[in-house]
Amino acid sequence: MRKLASICLVFLIYFACSVMSAEDRTIYQFTVKDSDGADVSLEKYRGKVVLIVNVASACGLTDSNYKQLKELLDTYHERGLEIAAFPCNQFGGQEPGCDADIKNFIADKYKFDPDLYSKINVNGADAAPLYQFLKKEQGGTLIDAIKWNFTKFLVNREGRVVERFAPTTAPKDIVKYIEKLL
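Once you know that position 103 of the sequence shown is 102 in numbering that gives the first Met the number 0, the rest is easy, because the numbers rise by one and skip nothing.
Treat the hints with care, as some may be off.
[To be verified] Listed below are the simulated SDA-like cross-link pairs for lysine to any residue, each with C-alpha atoms no more than 25 Å apart in a straight line:
id: 1; residue 1: Lys43; residue 2: Glu77
id: 2; residue 1: Lys146; residue 2: Gln93
id: 3; residue 1: Lys43; residue 2: Asp33
id: 4; residue 1: Lys175; residue 2: Arg156
id: 5; residue 1: Lys102; residue 2: Asn122
id: 6; residue 1: Lys102; residue 2: Ser40
id: 7; residue 1: Lys43; residue 2: Arg159
id: 8; residue 1: Lys69; residue 2: Asp98
id: 9; residue 1: Lys179; residue 2: Gly138
id: 10; residue 1: Lys32; residue 2: Asp172
id: 11; residue 1: Lys43; residue 2: Gln93
id: 12; residue 1: Lys69; residue 2: Ile177
id: 13; residue 1: Lys32; residue 2: Cys58
id: 14; residue 1: Lys102; residue 2: Gly79
id: 15; residue 1: Lys110; residue 2: Asn88
id: 16; residue 1: Lys32; residue 2: Asn122
id: 17; residue 1: Lys43; residue 2: Glu178
id: 18; residue 1: Lys47; residue 2: Asp172
id: 19; residue 1: Lys110; residue 2: Trp147
id: 20; residue 1: Lys43; residue 2: Ala106
id: 21; residue 1: Lys171; residue 2: Val161
id: 22; residue 1: Lys66; residue 2: Gln93
id: 23; residue 1: Lys69; residue 2: Asp114
id: 24; residue 1: Lys102; residue 2: Phe164
id: 25; residue 1: Lys43; residue 2: Lys179
id: 26; residue 1: Lys66; residue 2: Gly96
id: 27; residue 1: Lys135; residue 2: Arg159
id: 28; residue 1: Lys135; residue 2: Asp23
id: 29; residue 1: Lys175; residue 2: Glu157
id: 30; residue 1: Lys146; residue 2: Ala57
id: 31; residue 1: Lys146; residue 2: Arg24
id: 32; residue 1: Lys32; residue 2: Lys146
id: 33; residue 1: Lys66; residue 2: Val160
id: 34; residue 1: Lys69; residue 2: Thr167
In case anyone wonders, no lab produced these hints; they're calculated from the structure.
Input sequences plus hints: build the corresponding full structure.
Take a look at the structure:
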């Protein structure tokens, strides 16, 4: 009897998770590590508009993206914009440093202080759960995988992923989407 009850409980949990409505799928269900190794619940973004970006320090897109991301944050932070940066070394080994080195690089070179998280994988079997979720919510062109550094996901004030932008989309070209959500 106890085994049957356990099986029923597992089935009910699975069923409840599989019928979760789109309204229930938000970034708020995730906890990630910040660049100092502390756990951070993405509940911290409740009521905010968030631009989530996989970043790299040695990419041809680094300079323009960091400069423009800083401009976005400087312009729209008071209205509720946050930028969540997730370093990733899966594309050409362009983010080889440790979390402390990455944090120092961004602060020293760009005078930029986004919400910086610990280095993660965004593709493959060991992709971070947040990125598995983001790709499922906003698939890419042809394939859902993240194609390169600086892929951007825009999240509304309710925590839902509403847009995905290619690495080559400049942050300044996302302004109209951000303004609609603010």
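- request: Compare the distance between the alpha carbons of Lys32 and Lys146 with 25 Å, and conclude whether the hinted pair is satisfied.
  value: Given pair Lys32, Lys146 holds - Cα atoms ~23 Å apart, limit 25 Å.
Satisfaction of hint between Thr167 and Lys69, Cα-Cα up to 25 Å: Between Lys69 and Thr167 the Cα gap is close to 17 Å, so the pair holds against 25 Å.
message: Given the hinted pair Lys110 and Trp147, is their Cα-Cα distance within 25 Å?
response: With Cα atoms ~24 Å apart, Lys110 and Trp147 stay inside 25 Å; holds.
- request: Below or equal to 25 Å on CA atoms is what counts here, so check Lys69 against Asp98.
  value: Since the Cα atoms of Lys69 and Asp98 sit roughly 19 Å apart, the hinted pair holds (cutoff 25 Å).
query: Within 25 Å, alpha carbon to alpha carbon, are Lys135 and Asp23?
result: With Cα atoms ~14 Å apart, Lys135 and Asp23 stay inside 25 Å; holds.
query: CA of Lys32 to CA of Asp172, is that 25 Å or under?
result: Between Lys32 and Asp172 the Cα gap is close to 29 Å, so the pair fails against 25 Å, i.e. violated.
query: Regarding the pair Lys43 and Lys179, is the alpha-carbon distance no greater than 25 Å?
result: Status holds; Cα separation ~21 Å.
message: So if I understand the rule, the pair passes when the alpha-carbon distance is 25 Å or less; does Lys69 with Asp114 pass?
response: Measuring from Cα to Cα gives roughly 11 Å; hence the hint holds.
- prompt: Within 25 Å, alpha carbon to alpha carbon, are Lys175 and Arg156?
  reply: Distance of about 16 Å is within 25 Å: holds.
Given hint Glu157 paired with Lys175 - CA-CA distance at most 25 Å: Holds. Lys175 to Glu157 sits at ~18 Å (cutoff 25 Å).
message: Lys146 and Ala57 were given as a pair; does the straight-line alpha-carbon distance stay at or below 25 Å?
response: This hinted pair holds, its Cα atoms lying about 16 Å apart.
- prompt: Hey, Lys32 versus Cys58, does the alpha-carbon distance stay inside 25 Å?
  reply: Given pair Lys32, Cys58 holds - Cα atoms ~23 Å apart, limit 25 Å.
The structure fails to meet hints 10, 11 from the earlier list, while all remaining hints are met.
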